[in-house]
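Engineer: Okay, here's what each chain looks like letter by letter:
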Amino acid sequence: MKLVVCIKQVPKVTELPWDEKTGTLRRDLASGMMNPACKHALEAALQIKENHNASITVITMGPPAAEEMLREALAMGADEAILICDWLLAGSDTFATSLVLKEAIKKQCPKFDLILCGAYTADSETAQVGPQLAEELDLPAAAYVEKMEITGKTLRVRRLVDNFRETLEMEFPALVTVSMENYKPRYTSLAGLENAFDQKDVSVLDAKSLGLSSSSIEQKGSRTRVRKVFLRKAQKGNVVLQGAASNVVHEFLDRYQRKIGTVIGKSIEEKKQHDDK
Amino acid sequence: MTTNRRKSIWVFGDYRNYYQNRVTLQLIARAVALAKTINAEVCALIFGHEIDEWIMEYTAHGADRILAIDDPALKSYSTEKYLAIIERLARERDPEIILIGATDFGREFAPRLAKRLKTGLSADCVGLDITEDGLLLQIAPSFGGNMLAEIVTEFHRPQMATVRPGTFKEIPHDYERTAIVERLPLMKGLPKPRVRLIEYERSVEKEHTIENASVIVCGGRGMGNKEKFKKLQELARLLGGDVGATRPVVYAGWAEHNVLVGQAGKHIKPKILFSFGISGAIQHTAGLGEADFIVAINKNPQATMLKMADVAIVGDASDVVNNLIKELKKRIRE
Amino acid sequence: MLINPCPKHKLIRDSVRSFAETELAPIAAEIDRKAVFPREIIEKMRPLNFFGLQAPREFGGAALDSVSAAIVVEELSRVCAAIGLCVTVHNGVALYPFMKFAGKDQKNEYLPKLTSGEFIGAFSLTEANAGSDSASVETTAVKRNNEYVLNGTKIFVTNGGVCDIALIFALTGFEPGKPQSSVFIVESKSPGFLRGELEDLCGMRANPVSSLFLEDCCVPEQNVLGNIGDGMKIGLATLDNGRIGVAAQALGIAQGAYEAAVKYAKERQQFKKPIASLQTIQNYIADMATEITAGRLLLYRACSLKDGGAPFGCEASMAKLYCSTVASKVTSLAVQIHGGYGYSKEYDVERYFRDAKVTEIYEGTSEIQRMVIARTILSQLTF
Chain A
1 MKLVVCIKQV
11 PKVTELPWDE
21 KTGTLRRDLA
31 SGMMNPACKH
41 ALEAALQIKE
51 NHNASITVIT
61 MGPPAAEEML
71 REALAMGADE
81 AILICDWLLA
91 GSDTFATSLV
101 LKEAIKKQCP
111 KFDLILCGAY
121 TADSETAQVG
131 PQLAEELDLP
141 AAAYVEKMEI
151 TGKTLRVRRL
161 VDNFRETLEM
171 EFPALVTVSM
181 ENYKPRYTSL
191 AGLENAFDQK
201 DVSVLDAKSL
211 GLSSSSIEQK
221 GSRTRVRKVF
231 LRKAQKGNVV
241 LQGAASNVVH
251 EFLDRYQRKI
261 GTVIGKSIEE
271 KKQHDDK
Chain B
278 MTTNRRKSIW
288 VFGDYRNYYQ
298 NRVTLQLIAR
308 AVALAKTINA
318 EVCALIFGHE
328 IDEWIMEYTA
338 HGADRILAID
348 DPALKSYSTE
358 KYLAIIERLA
368 RERDPEIILI
378 GATDFGREFA
388 PRLAKRLKTG
398 LSADCVGLDI
408 TEDGLLLQIA
418 PSFGGNMLAE
428 IVTEFHRPQM
438 ATVRPGTFKE
448 IPHDYERTAI
458 VERLPLMKGL
468 PKPRVRLIEY
478 ERSVEKEHTI
488 ENASVIVCGG
498 RGMGNKEKFK
508 KLQELARLLG
518 GDVGATRPVV
528 YAGWAEHNVL
538 VGQAGKHIKP
548 KILFSFGISG
558 AIQHTAGLGE
568 ADFIVAINKN
578 PQATMLKMAD
588 VAIVGDASDV
598 VNNLIKELKK
608 RIRE
Chain C
612 MLINPCPKHK
622 LIRDSVRSFA
632 ETELAPIAAE
642 IDRKAVFPRE
652 IIEKMRPLNF
662 FGLQAPREFG
672 GAALDSVSAA
682 IVVEELSRVC
692 AAIGLCVTVH
702 NGVALYPFMK
712 FAGKDQKNEY
722 LPKLTSGEFI
732 GAFSLTEANA
742 GSDSASVETT
752 AVKRNNEYVL
762 NGTKIFVTNG
772 GVCDIALIFA
782 LTGFEPGKPQ
792 SSVFIVESKS
802 PGFLRGELED
812 LCGMRANPVS
822 SLFLEDCCVP
832 EQNVLGNIGD
842 GMKIGLATLD
852 NGRIGVAAQA
862 LGIAQGAYEA
872 AVKYAKERQQ
882 FKKPIASLQT
892 IQNYIADMAT
902 EITAGRLLLY
912 RACSLKDGGA
922 PFGCEASMAK
932 LYCSTVASKV
942 TSLAVQIHGG
952 YGYSKEYDVE
962 RYFRDAKVTE
972 IYEGTSEIQR
982 MVIARTILSQ
992 LTF
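Residue numbers (the working numbering), protein chains in the order written: chain A, 1 to 277; chain B, 278 to 611; chain C, 612 to 994.
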């Protein structure tokens with residue numbers, strides 16, 4: 001069985017430096033990590049590999065630094081890694097990204113049985129690339145997959161969408177996007193990490209090697225255009241309360257108990273102070 | 278052939294969770310406003326079986342036209358069937374805009390439809406408008422929600438967006454309203470779906486109520502430890518709300534993954550959000566959506582969360598929780 | 612030699628950090644307070660190769676270079692020094708002499724068990740009257756038929772309470788003025804192998820440090836590590852390597868305390884501003900960061916020398932001396948920056964402070980390190 005896992009490097013969000021003055025992300029300073037949902041997808045592939053005779057190709061589109069993430073995927077147990085890296089492709093929207101991924105998959109592993117993607121990325125959260133890649137490759141697909149069972153060429157998946165538990169079936173080749181509910185990623189073994197650098201290679205592809213020229217990327221590429229990016233306005237009252245916890249809580253409730261009471265549908269009021277005497 | 282036809286804004290009728298999630302009604306309302314600017318009609322799409330209830334509802338909430346396909350074969354939701362149907366309809370009728378609620382279904386369905394129609398899509402929009410040059414202005418969160426991006430689809434039609442539930446207000450229903458209801462037969466020759474629905478059931482798990490809760494008590498690492506964190510449950514009970522957690526807390530095992538709030542977890546839109554001991558890293562704040570009223574408690578006066586708050590309390594989160602519990606018990610009258 | 616972290620080292624650091632923060636951080640304070648050895652965590656660590664850091668792949672090891680191995684110990688110790696100690700002792704002074712001195716049969720028998728963590732290893736040189744002065748060892752091993760009979764008491768054995776295998780230093784030659792020592796591979800199940808009570812120590816409390824009593828403990832003769840009489844040679848080589856491990860551990864503790872202090876300094880308000888805005892605190896932070904970075908370079912230099920096959924004993928001693936001094940200083944400053952809270956068990960820096968001290972003591976005290984360094988320098992040809 002041939003599995004392809006599409007993964008993405010995202011900034012480690014807890015470390016993401018943010019320039020409030022210019023309203024831009026200091027992406028240059030942020031170190032990257034494998035997008036968590038992608039890591040769950042890889043874990044799902046690894047579990048399939050353990051139970052079936054399967055090989056795993058991981059593939060990403062990103063800057064040269066994304067190689068590190070591919071090494072991590074190799075360390076976790078992937079067999080092959082492909083980095084699609086070309087400045088021509090920088091700034092692709094999901095429409096263009098799914099096209100590029102299709103070309104790479106068709107070129108490098110056309111005989112795949114199953115493609116796995118993370119259900120969403122932590123940085124943009126569009127959740128579009130997986131479904132769009134399914135369209136590009138004309139595959140049966142399911143998003144937000146929590147569990148998979150494979151019998152012969154049939155894939156059975158379980159998922160939760162909009163409060164509905166669904167069990168779906170489809171035949172290979174197929175595509176799934178994997179949610180973070182199940183498939184908790186394994187820790188990478190140290191031997192795996194060492195091997196990933198020592199004994200495995202990452203193949204690097206550019207746009208040209210995928211038969212994508214700059215004009216074809218322009219024609220077929222991004223459909224959307226970002227006109228402006230701006231910092232979300234905070235329109236908050238920002239009342240600051242400070243002091244001993246009990247005093248602050250008193251003050252807070254005195255000022256806002258009516259508001260809170262309205263929302264929770266109960267009356268909140270302080271007992272009269274007359275028994276103080 | 279299409280030139281003489283009035284422009285149309287389509288709203289996908291996502292009726293499956295009608296009583297919990299009113300995003301379709303919200304989109305119809307916004308479409309009505311947008312339609313005025315570009316002189317278009319608002320058309321709601323309903324595919325399913327025994328769908329008269331939704332035809333009536335969407336009409337009452339502002340749709341000008343309903344495209345309805347009522348067929349036993351559409352008894353349950355199917356991404357593939359709906360894709361095939363809308364693709365045909367869109368090719369015949371050339372809608373100017375297609376709006377889809379950013380439900381789980383919508384977020385899987387819309388990107389595939391956009392790809393099929395070879396057009397652009399912005400995901401999870403929190404604002405829609407019409408630009409001076411008559412384009413759909415799609416305001417979508419980017420970079421984890423701290424930034425908003427104004428996105429347009431210049432050269433391709435339809436212009437498509439998924440919209441986060443709760444972004445717009447629905448128009449109050451008016452059962453006197455009328456709409457042109459086109460009941461279409463299920464078209465012939467649609468490709469056979471390759472994904473088979475084996476079984477489905479409505480989940481009754483509690484895990485999704487946090488997304489609709491009106492009061493949420495969120496806790497972060499600043500709560501100190503697991504025992505102190507558990508106090509939030511008591512506070513939430515007093516307030517009739519739910520507990521949410523940040524990623525470090527979930528990773529530390531103080532709370533389950535299903536209450537994780539943020540990019541990787543749930544998006545919430547409570548009327549009141551209490552935020553205890555949360556610094557406000559963007560992977561968390563990205564999930565706070567449009568919380569109406571935020572009360573944040575943190576030891577660090579510089580914490581981003583305090584700056585985002587309506588009421589910022591500088592102090593030890595756990596102390597404040599204990600005092601709030603004590604004080605609310607005295608003050609709440611049932 | 613490596614000055615900047617390469618992608619591999621960065622990834623190893625990230626991976627171990629994520630393991631430590633997820634698995635160790637939640638329990639570190641508790642296992643310290645209760646002084647319990649967390650077996651269930653050890654089970655989680657075993658398949659990840661934490662017990663075969665540098666062992667060859669054919670024996671189930673991870674075959675890491677020495678910088679990588681140091682990073683592993685650093686990152687574990689950054690969160691939980693007691694676990695870092697268990698790992699570094701097992702790898703640095705139990706597994707290492709095995710790899711270096713064991714015969715083929717010994718390797719085949721014991722290495723897979725050690726590298727998989729099925730067996731936890733210990734190294735026991737120290738006795739009541741013999742510390743760094745290894746010539747004063749009083750434990751004896753006398754040959755009887757085809758086995759050796761060991762008698763004596765080892766003290767302060769790290770991992771002592773849980774080890775499945777211990778390398779025991781014992782006298783095998785009793786000629787006056789010319790003592791001869793050897794090292795024996797002793798399984799804990801051997802008859803006459805007894806463990807003492809766990810020590811009640813200041814820091815690293817989750818590590819089961821104990822005495823080992825050898826009472827007519829019989830060991831097959833093939834369990835001599837290397838050759839009879841190799842004791843001193845094995846001891847010195849092992850200590851050199853062990854010092855790299857302790858330096859890494861000290862550095863990890865310092866790093867953990869430093870990060871906690873920086874975070875606290877940014878949060879703690881006095882005079883209506885964070886104390887990080889006070890110059891005194893800034894000076895502390897600058898010194899801590901500089902010294903930790905200097906220590907790290909010294910440590911990695913010893914590691915690269917070792918990997919290059921060059922003598923590294925002097926550099927290992929320098930790294931151990933410096934990093935342990937930095938650890939004590941940084942943890943003390945971290946407590947200072949935390950003020951009264953730092954002295955409370957509510958905050959991790961209190962534990963770091965206690966854990967750091969022993970890095971100046973074991974595997975050769977700072978005084979001994981200076982002796983080793985000076986001896987190396989003075990024995991070189993003058994320039």
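Because the hints were derived from the structure by calculation, they are not lab data.
Careful, some of the hints might be misleading.
[Unchecked claim] Among the chain B residues that face chain A by a calculated CB cut under 10 Å, a handful are:
| id | residue |
| --- | --- |
| 1 | ARG293 |
| 2 | ALA387 |
| 3 | ASP593 |
[As the list claims (entries may be wrong)] Between beta-carbon pairs, the in silico distance windows are:
| id | chain 1 | residue 1 | chain 2 | residue 2 | range |
| --- | --- | --- | --- | --- | --- |
| 4 | C | PRO616 | B | TYR295 | 22 to 28 Å |
| 5 | C | LYS655 | A | ASP198 | 45 to 51 Å |
| 6 | C | LYS655 | B | HIS433 | 24 to 30 Å |
| 7 | C | ASN615 | A | VAL229 | 44 to 50 Å |
The beta-carbon is built from N, C-alpha and C at its ideal position, and this holds for glycine as well.
Engineer: Now, for every hint given, state plainly whether the structure supports it.
Structural biologist: How the hints compare with the structure:
1. ARG293: Hint on B:ARG293: holds, closest Cβ of chain A at ~6 Å, below 10 Å.
2. ALA387: holds (8 Å)
3. ASP593: Holds, about 7 Å.
4. C:PRO616 x B:TYR295: 22 to 28 Å: For C:PRO616 and B:TYR295 the Cβ distance comes to about 55 Å; the hint is violated.
5. C:LYS655 x A:ASP198: 45 to 51 Å: violated (25 Å)
6. C:LYS655 x B:HIS433: 24 to 30 Å: At roughly 51 Å between Cβ atoms, B:HIS433 and C:LYS655 fall outside 24 to 30 Å, so the hint is violated.
7. C:ASN615 x A:VAL229: 44 to 50 Å: Check failed, 33 Å falls outside 44 to 50 Å.
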